[in-house]
Amino acid sequence: MAAILGISGLYHDAAAALVIDGQVVAAIQEERLSRIKNDPSLPRLAVAACLRQGGIRAEDLSAVLFYESPYRKLERVLHWLLQAYPASARHFSKALSAQLGEKLWVLDQVAELVGVPRARVRPTSHHLSHAASAFLVSPYQDAAILTVDGVGEDVTTALYRGTGTRIEPLLSLPYPHSLGLLYAAITAYLGFEVNEGEHKVMGLAALGQPRYRQEFERLIQLHADGSFELAARYFSYEAGGELGFSPALEQLLGPRRTPGTPWALETSEADRRYADVAATLQSVTEDALLELARRAKRETGADALCLAGGVALNAVANRRLLREAGFAHVFVQPAAGDAGGALGAALLGAVEAGDGRPPPLAHVALGEPIKVDEARALAHHLGLSAEQLTDPAASVCELLLQGGIVGVCNGAFEWGPRALGQRSLLALPGSLATRERLNRVIKQREPFRPFAPAVLRERAAEFFSDAPNDLTPFMTSVCDVRPLHRQALAGVTHADGTARVQTVNATAQGLLPAVLSGLERATGVPIALNTSLNGPGEPIVAHATDALAFLSAHAIDGLVIEDYLFRRRS
Amino acid sequence: MAAPAPWTPRLPLWVRVFAWLGGQWAFRSERRAARLLQGFACTEEQSQLELRQAARDCPDERRRARYLRHALDETRHAHAFSEHARGLARAAGAAGFAPPSAGCERLYERLGELRFLAFVHVGEQRGRAEFETYARLLRKRGAGATAQLFEDLIADERQHEAYTAQLLNELAGADGARRAVRWVRRWQAWREFRRRGRRLARTLYNVTMLFVYVTLAPFALTLRLFGKPQRGFSREF
Numbered sequence: 155m156a157a158i159l160g161i162s163g164l165y166h167d168a169a170a171a172l173v174i175d176g177q178v179v180a181a182i183q184e185e186r187l188s189r190i191k192n193d194p195s196l197p198r199l200a201v202a203a204c205l206r207q208g209g210i211r212a213e214d215l216s217a218v219l220f221y222e223s224p225y226r227k228l229e230r231v232l233h234w235l236l237q238a239y240p241a242s243a244r245h246f247s248k249a250l251s252a253q254l255g256e257k258l259w260v261l262d263q264v265a266e267l268v269g270v271p272r273a274r275v276r277p278t279s280h281h282l283s284h285a286a287s288a289f290l291v292s293p294y295q296d297a298a299i300l301t302v303d304g305v306g307e308d309v310t311t312a313l314y315r316g317t318g319t320r321i322e323p324l325l326s327l328p329y330p331h332s333l334g335l336l337y338a339a340i341t342a343y344l345g346f347e348v349n350e351g352e353h354k355v356m357g358l359a360a361l362g363q364p365r366y367r368q369e370f371e372r373l374i375q376l377h378a379d380g381s382f383e384l385a386a387r388y389f390s391y392e393a394g395g396e397l398g399f400s401p402a403l404e405q406l407l408g409p410r411r412t413p414g415t416p417w418a419l420e421t422s423e424a425d426r427r428y429a430d431v432a433a434t435l436q437s438v439t440e441d442a443l444l445e446l447a448r449r450a451k452r453e454t455g456a457d458a459l460c461l462a463g464g465v466a467l468n469a470v471a472n473r474r475l476l477r478e479a480g481f482a483h484v485f486v487q488p489a490a491g492d493a494g495g496a497l498g499a500a501l502l503g504a505v506e507a508g509d510g511r512p513p514p515l516a517h518v519a520l521g522e523p524i525k526v527d528e529a530r531a532l533a534h535h536l537g538l539s540a541e542q543l544t545d546p547a548a549s550v551c552e553l554l555l556q557g558g559i560v561g562v563c564n565g566a567f568e569w570g571p572r573a574l575g576q577r578s579l580l581a582l583p584g585s586l587a588t589r590e591r592l593n594r595v596i597k598q599r600e601p602f603r604p605f606a607p608a609v610l611r612e613r614a615a616e617f618f619s620d621a622p623n624d625l626t627p628f629m630t631s632v633c634d635v636r637p638l639h640r641q642a643l644a645g646v647t648h649a650d651g652t653a654r655v656q657t658v659n660a661t662a663q664g665l666l667p668a669v670l671s672g673l674e675r676a677t678g679v680p681i682a683l684n685t686s687l688n689g690p691g692e693p694i695v696a697h698a699t700d701a702l703a704f705l706s707a708h709a710i711d712g713l714v715i716e717d718y719l720f721r722r723r724s
Numbered sequence: 158m159a160a161p162a163p164w165t166p167r168l169p170l171w172v173r174v175f176a177w178l179g180g181q182w183a184f185r186s187e188r189r190a191a192r193l194l195q196g197f198a199c200t201e202e203q204s205q206l207e208l209r210q211a212a213r214d215c216p217d218e219r220r221r222a223r224y225l226r227h228a229l230d231e232t233r234h235a236h237a238f239s240e241h242a243r244g245l246a247r248a249a250g251a252a253g254f255a256p257p258s259a260g261c262e263r264l265y266e267r268l269g270e271l272r273f274l275a276f277v278h279v280g281e282q283r284g285r286a287e288f289e290t291y292a293r294l295l296r297k298r299g300a301g302a303t304a305q306l307f308e309d310l311i312a313d314e315r316q317h318e319a320y321t322a323q324l325l326n327e328l329a330g331a332d333g334a335r336r337a338v339r340w341v342r343r344w345q346a347w348r349e350f351r352r353r354g355r356r357l358a359r360t361l362y363n364v365t366m367l368f369v370y371v372t373l374a375p376f377a378l379t380l381r382l383f384g385k386p387q388r389g390f391s392r393e394f
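If you're matching them up, the sequences are chains A and B in order. Read the first sequence against the working numbering and you will find it ends at 724, with the numbers running on by one and no gaps. Read the second sequence against the working numbering and you will find it ends at 394, with the numbers running on by one and no gaps.
Excised from the complex, chain A in its bound form (with noise of 0.2 Å):
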């Protein structure tokens, strides 16, 4: 019996988790409570957040595991430093000083933050929790593990065979021949931001077409084995480039994209040429995880495949390793990203300490609850208007078929970084006008970007090819739009004819599954729209003061706060 936290942070995506007796009490991104995106920070308030979620001390932390291993980070740090001298003298001593100055005296760092004795502090290591997070909340008792992101300690993919709670190393592929700094090189170069414009790649790529194959095979060389090579000339990440890559690849695919210019796919020869570019990294993304997930596949000859690492993100990707890599099933963590290495950190403490693996991840809501008190009384002082709802299901499907956008705010928020019922904005699926509207009014986005939809289990094989498999609760593949109907999906169809599929169990707690079955009841469609909780550039809400705060600046139609319903005052 034991209480471990584990923690992820001084990178990217800051997260904490709690473990208590083998169960996954808790689990939540720094960036939902300090309203930073991707928040780079340690986890103090996650870290809180969690002792209060569990009703826990610090005191009664049996341990704190940090989800990797600073020294071997400094090592890798180092030899890739001399490795690119003279290159390197720009970056040199910002390198050391991050590493010297904050990162090596991590595990003190945390034995402060947290409370407890340094000795209870301990590193994992990076691709280790990245498959334990996978591997150990999976459906599957026997499974390959694939591990893809930019860089974790020195190695950037990794190959597990898991079984029960075991998790044996097979292969790892070093640093920097990494799939996660390519797409981020390419992220960079298409003029968004590194670790946060990588899902707009993603959604790019649908439009355009994999022209370049002959440019990126200069790029990365993938090999028969599985293993593939980036072309050091390209990338820049010793030398410190900013941007991840050098000059030579604007030689190679053109000017790069100026950030923050909008988007005209239909008018610019430029932006379709990027469009191509997208493609082309997208499709060769796919085949370098298809040559790995089959190599795994002949090296454990298991049934099951779990994902974990930024890359495994990549829902288009995880749609085809589901259908010709070879396994039965197919499973990846939501919180895939650095933040899941918290959750696995805690879970390998558990399974350390003799408690074994926690049931299968039926749902993702370990966050914190919304109160929705305090919500009625800061409305009154924001001079929203609250209403008591009877049925607040039926109050949501009211609104949706009147056409309206609403947010939905119930229970605890989502681990990971979609929206999957309980911090959501919802509206119906078929409507162009609707979907535009929350791009450019409220979401802000680039307009190729597309909306996901939701739809009870039972009837999403009806709407969508390949759905409901391991993935679609989480919304971590995507599926094919039947053709019959597109139309009638217009708003949650990609160009390509695919959707972010999310199923829902109808038999599922909280308020989208009611309201999918309403406006089944309504309309036979048992799909609605569902999108984040978030204003542009804002981490998904948390709390109701970043709920109440989301209504008062973007013009939906109604927010729903568990069983009351806010709405701006005309």
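Because the hints were derived from the structure by calculation, they are not lab data. Be a bit skeptical, because a hint or two may be false.
Anything over 10 Å on all C-beta distances counts as not near chain A; from chain B, calculated [claimed, not checked]:
{"id": "1", "residue": "Pro169"}
{"id": "2", "residue": "Gly179"}
{"id": "3", "residue": "Gly196"}
{"id": "4", "residue": "Glu218"}
{"id": "5", "residue": "Ile311"}
{"id": "6", "residue": "Arg343"}
{"id": "7", "residue": "Arg353"}
{"id": "8", "residue": "Arg356"}
{"id": "9", "residue": "Leu373"}
{"id": "10", "residue": "Ala374"}
Derived, one-sided and incomplete: chain A residues facing chain B with beta-carbon distance under 8 Å [what the hints assert, rightly or not]:
{"id": "11", "residue": "Pro328"}
{"id": "12", "residue": "Leu361"}
{"id": "13", "residue": "Ala531"}
Note that CB positions come from ideal geometry on N, CA and C, so glycine has one too.
Once you've looked at the hints, dock chain B against the given chain A.
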């Protein structure tokens, strides 16, 4: 008998002088103006984070709502500055900017509500004076669009200045408000001193590390000559 008028701190003269000098330099080129506006966007972004923290932690619902409204204004300002900066950068053929980002110093938690309020008030007062100076300067230069941007925000700054002064007086009375503002000004001066000290230390550190870097040349050469290239799968973890 009428209630005494709330005490409001006077704005130091140097704020307008420095703003005028800074504006003269920054608004000579669109690139520099863009950088200045992007800097403002980041400051507004940080301000909204601090105010969001205050809105979350303050025990009084009415004040929480005011902090939250203020935070929403700051978000709007950050967006307006950032958009305008991008427009200027585009017009000057310069690289664009990423969306404004900032950290949070947790000032509400560290300073307590009264000093936090004094800090916000002093910042708003200075911001208003700077914006007024810039707007006048830009009008004279014929940069109407950028002048308009500042003019649009001045009303908000005035309102923020007024409500923070009112809350300061409400919470601490005139004497308490005066003491809090004095404390904040001293604290800011000390912070600025330390910031400059850190900048100097960073420069010294960079020079030292340059020497260290040069001495590493033989090790780098050895690694180049004898280090094994890292590629392909490994069974080592």
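Going down the list of hints, with the structure as the test:
1. No beta-carbon of chain A is positioned within 10 Å of the beta-carbon of Pro169/B; the least distance is around 32 Å.
2. No beta-carbon of chain A comes within 10 Å of the beta-carbon of Gly179/B; the shortest separation is about 25 Å.
3. Every CB of chain A lies more than 10 Å from the CB of Gly196/B, the least distance being 16 Å, so the non-interface label holds.
4. At roughly 5 Å, the least C-beta separation between Glu218/B and chain A is not larger than 10 Å, which violates its mark as non-interface.
5. The beta carbon of Ile311/B is kept farther than 10 Å from every beta carbon of chain A, the shortest such distance being approximately 21 Å.
6. Distance check on Arg343/B: its Cβ is at least 28 Å (rounded) from any Cβ of chain A, clearing the 10 Å threshold; non-interface status holds.
7. A cut-off of 10 Å between C-beta atoms confirms that Arg353/B is not in contact with chain A; the least separation is 18 Å.
8. Chain A leaves Arg356/B outside its interface by the beta-carbon criterion, the shortest separation being 14 Å against a cut-off of 10 Å.
9. Its closest Cβ contact with chain A, about 6 Å, brings Leu373/B to no more than 10 Å, contrary to its assignment away from the interface.
10. Chain A draws Ala374/B into its interface by the beta-carbon criterion, the shortest separation being 7 Å against a cut-off of 10 Å.
11. Using the Cβ-Cβ criterion of 8 Å, the hint placing Pro328/A at the interface with chain B is satisfied: the shortest such distance is roughly 4 Å.
12. Because the beta carbon of Leu361/A sits about 21 Å from the nearest beta carbon in chain B, more than 8 Å, this interface hint is broken.
13. Annotation: interface hint on Ala531/A holds; nearest CB of chain B at approximately 5 Å, less than 8 Å.
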